[in-house]
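K.L.:
The primary structure of each chain is shown beneath.
Number of protein chains: 2
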Amino acid sequence: MPDLIPIDDPNDPRVAAYRDIKERDLVGRQGLFIAEGETVLAAFVRDAPQRVQSLLIDGKRIDKLGEVLAGLPPGVPVHVAGQAVLDAIAGFHLHRGVLAVGAKPKPLSAEALLAGVGPRAVVLVLMGIANHDNLGGIFRNAAAFGVDGVILDGDCCDPFYRKAIRVSIGATLSVPTAGLAPGEDLVALLARHGFQALALSPGARETLAELDPPARAAVLLGAEGPGLSKTVMDRARTIGIPMANGFDSLNVATTSGIVLHHLRFAKR
Amino acid sequence: MPDLIPIDDPNDPRVAAYRDIKERDLVGRQGLFIAEGETVLAAFVRDAPQRVQSLLIDGKRIDKLGEVLAGLPPGVPVHVAGQAVLDAIAGFHLHRGVLAVGAKPKPLSAEALLAGVGPRAVVLVLMGIANHDNLGGIFRNAAAFGVDGVILDGDCCDPFYRKAIRVSIGATLSVPTAGLAPGEDLVALLARHGFQALALSPGARETLAELDPPARAAVLLGAEGPGLSKTVMDRARTIGIPMANGFDSLNVATTSGIVLHHLRFAKR
Numbered sequence: 001m002p003d004l005i006p007i008d009d010p011n012d013p014r015v016a017a018y019r020d021i022k023e024r025d026l027v028g029r030q031g032l033f034i035a036e037g038e039t040v041l042a043a044f045v046r047d048a049p050q051r052v053q054s055l056l057i058d059g060k061r062i063d064k065l066g067e068v069l070a071g072l073p074p075g076v077p078v079h080v081a082g083q084a085v086l087d088a089i090a091g092f093h094l095h096r097g098v099l100a101v102g103a104k105p106k107p108l109s110a111e112a113l114l115a116g117v118g119p120r121a122v123v124l125v126l127m128g129i130a131n132h133d134n135l136g137g138i139f140r141n142a143a144a145f146g147v148d149g150v151i152l153d154g155d156c157c158d159p160f161y162r163k164a165i166r167v168s169i170g171a172t173l174s175v176p177t178a179g180l181a182p183g184e185d186l187v188a189l190l191a192r193h194g195f196q197a198l199a200l201s202p203g204a205r206e207t208l209a210e211l212d213p214p215a216r217a218a219v220l221l222g223a224e225g226p227g228l229s230k231t232v233m234d235r236a237r238t239i240g241i242p243m244a245n246g247f248d249s250l251n252v253a254t255t256s257g258i259v260l261h262h263l264r265f266a267k268r
Numbered sequence: 001m002p003d004l005i006p007i008d009d010p011n012d013p014r015v016a017a018y019r020d021i022k023e024r025d026l027v028g029r030q031g032l033f034i035a036e037g038e039t040v041l042a043a044f045v046r047d048a049p050q051r052v053q054s055l056l057i058d059g060k061r062i063d064k065l066g067e068v069l070a071g072l073p074p075g076v077p078v079h080v081a082g083q084a085v086l087d088a089i090a091g092f093h094l095h096r097g098v099l100a101v102g103a104k105p106k107p108l109s110a111e112a113l114l115a116g117v118g119p120r121a122v123v124l125v126l127m128g129i130a131n132h133d134n135l136g137g138i139f140r141n142a143a144a145f146g147v148d149g150v151i152l153d154g155d156c157c158d159p160f161y162r163k164a165i166r167v168s169i170g171a172t173l174s175v176p177t178a179g180l181a182p183g184e185d186l187v188a189l190l191a192r193h194g195f196q197a198l199a200l201s202p203g204a205r206e207t208l209a210e211l212d213p214p215a216r217a218a219v220l221l222g223a224e225g226p227g228l229s230k231t232v233m234d235r236a237r238t239i240g241i242p243m244a245n246g247f248d249s250l251n252v253a254t255t256s257g258i259v260l261h262h263l264r265f266a267k268r
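Sequence order for the protein chains is A and B. Numbering follows the UniProt record's numbering, in which position 178 of the first sequence is assigned residue number 178; successive positions increment by one, without gaps. Numbering follows the UniProt record's numbering, in which position 137 of the second sequence is assigned residue number 137; successive positions increment by one, without gaps.
Among the hints, erroneous ones may be present.
Copies of the same chain look alike in the list, so a pair counts if it works inside one copy or between any two.
To be verified - In silico BS3-like pairs for lysine-lysine, Cα to Cα no more than 27 Å straight-line:
#1 LYS163 / LYS22
#2 LYS64 / LYS230
#3 LYS163 / LYS104
#4 LYS163 / LYS106
#5 LYS60 / LYS267
#6 LYS22 / LYS104
#7 LYS60 / LYS22
#8 LYS163 / LYS60
#9 LYS106 / LYS22
#10 LYS22 / LYS267
#11 LYS106 / LYS64
#12 LYS64 / LYS163
Note that these hints are calculated values from the structure, not bench results. All values reported here derive from a predicted model rather than from experimental measurement.
Work the whole structure out from these sequences, hints included.
P.N.:
Here it is as structure tokens:
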């Protein structure tokens, strides 16, 4: 059990990283992020304990958090405050009552990510996913189905944004994630590493259900509405999920779940 | 093209149904509901035109809505206002700029719903889905995969709540929906109609991927966290989706999409 540090003054410099959370969500935190809630914190401590910098928790929750606190590396400060002090620090009513500051992992290139996976692998490539709910939902599915990594283009939102972390139930903190460099030729990069590029698109001619999963699959997902660019689609294998009676399309996070389930469990 | 009724006074009695939307979301609307946004309105007019009671739209959007307005039955009033008047009526900034008042369909019993479907059918049974995002997401998938109906127990939230409609992209307005009467024996009801009850549960021994879809399938989904009750699970066939490395579970809407895709397209 770590030492608990009582905090009575919202302006205590030891909790400066937790101050005015929403304002600082907008300007960013230079290599740090805030995670919130018991479930997310449990996932964070389980999956990436070395990146937990500190905790700030409501004193009432210490008992429920026993197992999580026991999993912390030695020396991680755990600040404890009452609800009123917590709210004053955060700048809003913090009904989840549990916060952590974490360090983002070192940036990873898509090249390095692809070079590091095994002979059978699934990666997701997200292009223009700018909605935190969708991004978080996709990462949740990525963790649930054990994907080997997620590659984000420059038009995706930040997976370390508080809401994306929350929706992913902490999966954005542990799933290996890489950025696509501007101008990088994605399809060539994937081909070089033996990945088949599967571009999900409502207008595709091949259906997911008929797809025999390749040994190395890269699932390309674009934003709802615009979808993937023609440049990418023209050079990838397009795969669709047929819809009933003229329904337009599935939510992109749901699509990721359906595709990952198929890739992992499809009968051959 | 219907006649357009200009509205200049937020207190005009002709738009009383649109007043103070958020407050009235909470108290309910006695058989009516509010739908918002172009995509939802298009789905509503396409799928259930006879239940559109009136529209209130931002004058700037008339051109974009041409096809939708042309699909309205004769006599449906279309009120047109500027953004400031719209905002004053609704009581908040209405950036979607398009509202409709609709009539809920007549309540349908689960018995009647099941009696009315064909020999091959899929229905969803939702138990305790109290989150509008999840409920809306499930209905979106239900429409996308053409399910024959959705049965809700008394612990589900209202599918005609504004947010549920929006997340479902209007699917809650058209997918046949029935309520489960309090104390009704769901599993017996399903069996009487030849439906196999498939209870989705992380702890199940059978996996979805191995499931040979029955001719009539009822997919039972409970809330994330508590899940389905033991009483129901003990009498149903439990089906699970295996998770990677100790990940707890999928989002329930995503689960519905994966299950429906399998039931519809699984190779035999």
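K.L.:
Each hint needs a verdict: does it hold in this structure or not?
P.N.:
Hint check:
| no. | hint | result |
| --- | --- | --- |
| 1 | LYS163 / LYS22 | both (11 Å within a copy, 24 Å between copies) |
| 2 | LYS64 / LYS230 | between (51 Å within a copy, 25 Å between copies) |
| 3 | LYS163 / LYS104 | within (15 Å within a copy, 34 Å between copies) |
| 4 | LYS163 / LYS106 | within (21 Å within a copy, 38 Å between copies) |
| 5 | LYS60 / LYS267 | neither (49 Å within a copy, 52 Å between copies) |
| 6 | LYS22 / LYS104 | within (18 Å within a copy, 39 Å between copies) |
| 7 | LYS60 / LYS22 | within (24 Å within a copy, 33 Å between copies) |
| 8 | LYS163 / LYS60 | within (24 Å within a copy, 33 Å between copies) |
| 9 | LYS106 / LYS22 | within (24 Å within a copy, 44 Å between copies) |
| 10 | LYS22 / LYS267 | neither (47 Å within a copy, 48 Å between copies) |
| 11 | LYS106 / LYS64 | neither (32 Å within a copy, 46 Å between copies) |
| 12 | LYS64 / LYS163 | within (23 Å within a copy, 33 Å between copies) |
When held up to the earlier numbered hints, the structure conflicts with 5, 10, 11 and fits the remainder.
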